[in-house]
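J.: Sequence:
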Amino acid sequence: MSKTILTVDDSRMIREMLLIVLQEAGFNVVQAEDGQDGLEALRRSSPDVIITDINMPRLDGYGFIEGVRQDQRHRATPILVLSTESSPEKKQRAREAGATGWIVKPFKADTLLDVVRRVSA
1 MSKTILTVDD
11 SRMIREMLLI
21 VLQEAGFNVV
31 QAEDGQDGLE
41 ALRRSSPDVI
51 ITDINMPRLD
61 GYGFIEGVRQ
71 DQRHRATPIL
81 VLSTESSPEK
91 KQRAREAGAT
101 GWIVKPFKAD
111 TLLDVVRRVS
121 A
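Just so we're aligned: the sequence shown equals residues 1 to 121 in our numbering.
These are calculated hints, taken from the structure and not from any lab test. Please note: incorrect hints may appear among the correct ones.
With a straight-line Cα cutoff of 27 Å, these simulated DSSO-like cross-link-like pairs (lysine-lysine) come out [stated by the list, open to error]:
#	residue 1	residue 2
1	105	3
2	105	90
3	3	108
4	91	105
Whenever a hint applies, use it, and build me the whole structure from the sequences.
T.: This is the structure in C-alpha cells:
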C-alpha cells in the first residue's frame, strides 16, 4: 500500500512540482494552500508524512506544525519543512514547534524522495 504525503505550500508551482515528484515515486498526495487549509486537510486524511512551507498567509508553517502536534493522532507523524529560509534560528523554531527535518528550496527530487522515504520507513 502506498504512503500518503500531505503537502502544504502557498505556491501553486511548488505544489505542482511536489505532486509530480511524489506521485511518480508512487506516493498518494493530498495538497493544501496554507496552514489553515492544511489543518482542514488533516481532518480528512491521515498522511504518513507532512511537507510544509514556513511563510504562508492565514496560518504560517510554525502555527501549522503546532496545530498538527496538538492532534493526538499526528503526534508522531514526520513533518518536513520545505522553505527558502535556512537560518539556524528558523530551523530551531521549527524543531521546537515539532518539525522532524528541513529541506531548502529549490529542492532536488532525489534528495526530497530520499528524506521522505527515510522518515516514513
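J.: With reference to the structure, classify each hint as holding or not holding.
T.: To see whether the hints hold, each was checked on the structure:
The suggested pairing of residue 105 with residue 3 holds, with an alpha-carbon distance near 23 Å, which does not exceed 27 Å. In summary, the hint linking residue 105 to residue 90 is supported, as the alpha carbons are separated by about 14 Å, within the 27 Å threshold. Straight-line distance between C-alpha atoms of residue 3 and residue 108 comes to about 20 Å, which keeps the hinted pair within the 27 Å bound. Distance check on the hinted pair: residue 91 and residue 105 sit about 14 Å apart at the alpha-carbon level, within 27 Å; holds.
This entry satisfies every hint, going by the numbered hints stated previously.
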